[in-house]
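**Q** Residues per chain, in single letters:
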Amino acid sequence: MNLPRYRRLQPAFYRLQAARCTACRQVHFPSRTRCLGCGSASMEPVRLSGQGRVLSFARMLHAARGFQDSVGSLTALIELREGVRLVAQLTDVEPDGIGIGQEVEMVLRRLRSDAEQGLIVYGYKFRPVLKRQAGAQAQS
Amino acid sequence: MPAQGTLMRTQHAVGITSYGAYVPRWRVRTEAIAACWGRETSRVPIRAKSVPGPDEDTATMSIEAAQNALRRVDIPPGQIRAVWVGSESKPYAVKPTSTIVAEVLGLTPFVSAADMEFACKAGSEAMQTAIAYVGSGMAPYALAIGMDTAQSQPGDSLEYTAAAGGAAFLFGRAEQAAAEIEGSLSYVTDTPDFFRHAHQHYPQHGQRFTGDMAYFHHSLHATRALLDELGRTPKDYRWAVFHQPNPKFVRRLAKELGFGKEQIEPGFLVPLIGNTYAGSSLLGLAAVLDIAEPGDRILFTSYGSGAGSDSMSIVVTPRLRALRNGVPSVRDYIARRREIGDYGLYLRLMKKIHRE
Ligand SMILES: [Zn+2]
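Chains as they are written, first to last, in numbering that gives the first Met the number 0: chain U, 0 to 139; chain B, 0 to 355.
It is worth saying that the hints were derived from the structure and are not from the lab.
Any given hint could turn out to be false.
Unchecked claim - With a cut-off of at most 16 Å between alpha-carbon atoms, the simulated EDC-like pairs for lysine to aspartate or glutamate come out as follows: (1) B:Lys234 - B:Asp295; (2) B:Lys350 - U:Asp68; (3) B:Lys351 - B:Asp211; (4) B:Lys247 - B:Glu264; (5) B:Lys351 - U:Asp68; (6) B:Lys351 - B:Asp341; (7) B:Lys234 - B:Asp211; (8) U:Lys130 - B:Asp211; (9) B:Lys254 - B:Asp211.
Excised from the complex, chain U in its bound form (with noise of 0.2 Å):
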């Protein structure tokens, strides 16, 4: 991925930054100027939650040069909070350890493994929600 591309995509990448349309309230992720519901080119950024649930996955069997880690894992269409559907890789679960409905949040990550030459590039996947043991803070 060259420079410039990497700086445009740094804020959906990093931060699921959307737009969202001043006029019709309606979020687009990814960003657009003009608003796909009423057409108002007024939209302003807003940072989308990372928390939502599993719509539908599928498991990669093949995957291209520089992302070789990929394969075997879980990519999953996700419904977040905002009601903004997403495409994402899903990071931190066995194949056989996800569902539809599943509550999944945003985790930063490498994308691509080609790390030892080229630029690392980071951006969001989705794992399911980290379990907080009941009673952890009564350990001591």
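Take the given structure of chain U and dock chain B with the ligand to it, following the hints.
**A** Just chain B with the ligand now, kept in the frame of chain U:
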């Protein structure tokens, strides 16, 4: 030993406003490492250690720890004026990790950012610097991170303990802090106990030398000087946290200083996940903050080869309770584990398999 005037104090009182931890979910059983090298599997120093996932590195791990710190509080991003990452396992050999972290957190562009280097003391060095930035009035808040995906030569004795993890601390004025810094000091000498040249992949270390003259000497002198300066004894502290290269060293250090088992227990993580290098003492401190109560005093001493220690005296305020708002604790990350006993997969996770 006279230690008058060794304490470092700030213009304004400084404290820990928030903190966050991260440990990856992968654990490798050390018996798999021993078996690969024909060593006795019963003589491993710990049972399992944490390793990064294939898509993780010091930058991604620092980001999650820092995000946890920011989720505990409500601080406008513009008020965080510094981000420092202490590590010896940087994703790029030349290119700061701290700018990646600052960009993801939304703190750019008017922010001071740099990577700190001092073996396992890099994280506490970042803490000292953040304390100074806030204490001098240069920044309302400053973020210090200690994080590593520790590298060790395959077959080396360090391979049983070199682990992945760390923590982030957000420093701010003491009046709003969850824990106040009562004083700190640094104790440094030129002790070549552990080093790596530019063309080498893995560090070299002196076996015996790393004990008495390095780890124990610096940790003991830094801690004793701090206690002398503050007129305290180990009895004045409810908790103590040290750098944790292996369980044996920590137990011996605590004993020599006069700290009991119950004082070190909550922050004693090396038996559970291994030595997270620049993350080790910081992660221990985060685990203590997970359970500490208002009024508790915490003694914190790091150690880094090369060599030196940072020692700090910390007292918990009532505001610490407000930070327990559902952000994952150190124990949550430790409980989340996917254990492997396959040396080949371990090498892949450690990114030791080179492709062209
Ligand atoms: Zn619209």
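**Q** Against this structure, judge whether each hint is valid.
**A** Hints versus structure:
1. B:Lys234 - B:Asp295: It holds: about 12 Å lies between the C-alpha atoms, which stays within 16 Å.
2. B:Lys350 - U:Asp68: Distance of about 11 Å is within 16 Å: holds.
3. B:Lys351 - B:Asp211: 32 Å, violated
4. B:Lys247 - B:Glu264: 14 Å, holds
5. B:Lys351 - U:Asp68: This hinted pair holds, its Cα atoms lying about 13 Å apart.
6. B:Lys351 - B:Asp341: Status holds; Cα separation ~14 Å.
7. B:Lys234 - B:Asp211: Cα-Cα ~25 Å, so violated.
8. U:Lys130 - B:Asp211: 41 Å, violated
9. B:Lys254 - B:Asp211: Given that 16 Å is the threshold and the Cα spacing comes to 14 Å, the pair holds.
Comparing the model with each earlier hint shows violations of hints 3, 7, 8; every other hint is respected.
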